[in-house]
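In order, the protein sequences belong to chains A and B.
Here the first sequence stands for residues 1 to 200, numbered as in the numbering used here.
Here the second sequence stands for residues 1 to 213, numbered as in the numbering used here.
Incorrect hints may appear among the rest.
To be verified - Selected chain A positions facing chain B (in silico; Cβ < 8 Å): (1) Asp61; (2) Val100; (3) Ala116; (4) Val117; (5) Ile188; (6) Leu191.
Claimed, not checked - Among chain B residues calculated to face chain A with C-beta under 8 Å, some are: (7) Thr4; (8) Ala25; (9) Asp52; (10) Arg55; (11) Ala73; (12) Leu79; (13) Ile80; (14) Trp86; (15) Arg153; (16) Tyr171; (17) Ala183; (18) Ser200.
In short, the hints are calculated from the structure, not lab data.
From the three backbone atoms N, C-alpha and C, an ideal C-beta is built for every residue, glycine too.
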Amino acid sequence: MSPDQLDRSTPEATSRFVRRELHSSRAVASVVTGVLLISGCLLLLFEAVLRAVGDEPFLLDVEAAVALLGRLPDGVPPSLLVAASLLLLAVGAVLVLLAVLPGRRARYAVPNERAAVVVDAEVVASSLARRARVAAGVAPEQVLVTVGRRTVRVQVRPTSGVPVDADAVRAAVADDLGRLGVEPAPRITVLVADTGVVGQ
Amino acid sequence: MNTTPRLLNRIVLAVVGLMALAVGASGLLLLALPSAASWWRDVAPRIGDAIDGLRTGTTLGEQSDTMLWTSVAAVLLLLIVLLVLWIAAQGKGRTGVFAAVGRSGPPGQRDGVDEATPGSVTITAAAAEQALKAALLERSDLAGASVSTWEVRGVPGLRVRVYPRKGVPPYAVAAEVSRLVEALDTVTGYRTPVLINISSGARARLTRAERVS
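In isolation and in its complexed conformation, chain B is listed as follows (with noise of 0.2 Å):
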């Protein structure tokens, strides 16, 4: 339900796979083929006349190669701190807000409301969280759940994630945990997008089996 940036991960990913390909591609040219090995002999020197010509077009007066070096220290900056925010992309997207109405409402929120009227109501993502933890945890069939609040397209929506003990049936967690969702619908008002996940955790394996159902 988070809003890690799926396609961009793929596309860098994919960039930074073919790039390493290539360089090591080439590496294994050298060596294997003569004819590459004699073609990179030639080109090399003009590549470095290049890097030279460039730098002495860059000196000023009394300098030494000063403006290349701080350029290429910048280029590096620039790409370092776009790496950094694609790593802090990652995983993104939780919220501290399950409903808001009244003039407190993020602008997108305010469904609803009778704009004249004074003063505003919020629900926490807190409290919607905690009450369906505690229903969920009262039941036995259960090794533990988790329920968290995620913005999903503006809109809040919960992740309940539960661990099931050994050989519960699924459908019947499914069952049941719906049933609680639409009764946490009628308390609070607010039909949400909801995911389940029912999931095997490390402790739900390593607890034993329900005997009795």
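So that you can see chain A by itself, here it is in the shape it has in the complex (with noise of 0.2 Å):
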């Protein structure tokens, strides 16, 4: 950096960028039950404001509702209200789980010295399943790779009358990895299927 540019630039901003990434916002199910919420308020709100005029009931007598509320489990069909209530509690445990669980999302931080650094954890995978049917010589058919935040697996179906070697397809996957410097290094398990597929 010449000493003439303005720094706007700080660790402390990269490091939140970086962790805002990697976990989900909750944005998604946060609209969905604003949205939801909303819909129940206006109701209430609608026959709240028709009994204030004076007017009918539209869609939900409020009273009766809470007339038969006060009077449960009779005047409900147990099946209703068993349905009801496993519903509820579904919903509800969903809700518990999205504001509890981290909600990490399949990305990577990538170290870099200019910028915060984030790659999808696909983007990934087909990098590394090039360089290993590279390594492998086979088509790209014919290897699979999965990758989790501590594991990369690779599985190879050689071509028939072919050898692969796998520590060879293994090298080439940690060297790729090695450059993309991911921390901390997952594991890499490589699997060479015992029974081959004919000439690709």
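Each of the two chains sits in its own frame; use the hints to bring them together as a complex.
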């Protein structure tokens, strides 16, 4: 950086970007929950205003509904009550899990001097698959790479009669991962299938 | 890079979720446990009496419980406004100014300025975005690119999203994009915060892998 440039970038900002990119913001769940709650509130508001001006109820007689709640579990078929309760339990469990779980995205943070760099796992997998394919000397369809946060799994189906050097594949994949510099370095598993495929 | 209120999102989701869990669990308990049902049979009329008492207390003269319904409506309206504000807060934070110096700049960004000098210089976000995007789209190993400017703690920052073709090594893309960003630093004179997002969009997935490199 030359001295006449104004530096506005800080390491804190960079690490904040990376942290926020690696985790879900729960924006979609929030918007869906918000819209559902708003529609419920709008219906109640409408009914309340109708009552306030002394009109007939529109969709829901609030007073009758409250009276029904007070008489539970009578007045409602048990099957309906069970179904509604289970539905509420399921929705509640999903929302609580969304709130509590870290919500990690399938992405990797990559060290870079200038910027915060975040790579989708799918991009890493396709790059590794290409390196593995070249090292094994097989067609793209014969290689399957699965990447997790701590593990990389390379599955190779060799061409019939042409042996695949698993160590060479492992070295190629390790080299690609090393250049990317993902921390911590994932564990690499190379699986060469026993049966080959015919001439690709 | 946006200012989505992440903690608030999680708190509200947890509160709504716990309320749903509580209502669902009590519904099941009323059916399954006779003692719970008898307890509710005891308590419910008392709650009903309390509501009736409130209603008679707030009804004036000839009115038929108008006040109570009006206040219920007001509370609901407040709740709706809060929920709308919550939804509107998601994904905010884009800005249209990359850098501004001189008198037209916002107070926080008048850096390195001789306040006595008349005039001002503004670099719009579109200028920086298009310069970077044009440079990115020249590359054949990228299926697409998008650049946007976001305000991060009072400072404009760039979000660069690139979609490499299948099999392109991400470290090469990262190095190349950061080189272009450094070129942009030199051109604009600002070293802004940058986020490079190397993603696998639908377009990158559908296009063919690059055969020659």
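Now for the hints, and whether the structure bears them out:
1. Asp61: With Cβ-Cβ at 13 Å, over 8 Å, it is violated.
2. Val100: Since chain B brings a Cβ to about 7 Å from Val100 of chain A, closer than 8 Å, the hint holds.
3. Ala116: Holds: closest Cβ of chain B sits about 5 Å from Ala116 of chain A, inside 8 Å.
4. Val117: holds, 5 Å
5. Ile188: Given a least distance of 16 Å, the restraint on Ile188 of chain A is violated.
6. Leu191: violated, 20 Å
7. Thr4: At about 4 Å, which falls below the 8 Å cut-off, the nearest Cβ of chain A leaves the hint on Thr4 of chain B intact, so it holds.
8. Ala25: With a minimum Cβ separation of about 7 Å from chain A (threshold 8 Å), the hint on Ala25 of chain B holds.
9. Asp52: With a closest approach of 11 Å, the Asp52 of chain B hint is violated.
10. Arg55: violated, 10 Å
11. Ala73: Since chain A brings a Cβ to about 4 Å from Ala73 of chain B, closer than 8 Å, the hint holds.
12. Leu79: Result: holds, 5 Å to nearest chain A Cβ.
13. Ile80: holds, 5 Å
14. Trp86: Since chain A brings a Cβ to about 6 Å from Trp86 of chain B, closer than 8 Å, the hint holds.
15. Arg153: Holds - the Cβ of Arg153 of chain B comes within 8 Å of chain A, reaching about 7 Å at its closest.
16. Tyr171: This interface hint holds because 5 Å falls under the 8 Å limit.
17. Ala183: violated, 11 Å
18. Ser200: Holds: closest Cβ of chain A sits about 4 Å from Ser200 of chain B, inside 8 Å.
Taken one by one, the earlier hints fail for this structure at numbers 1, 5, 6, 9, 10 and 17, listed in ascending order.
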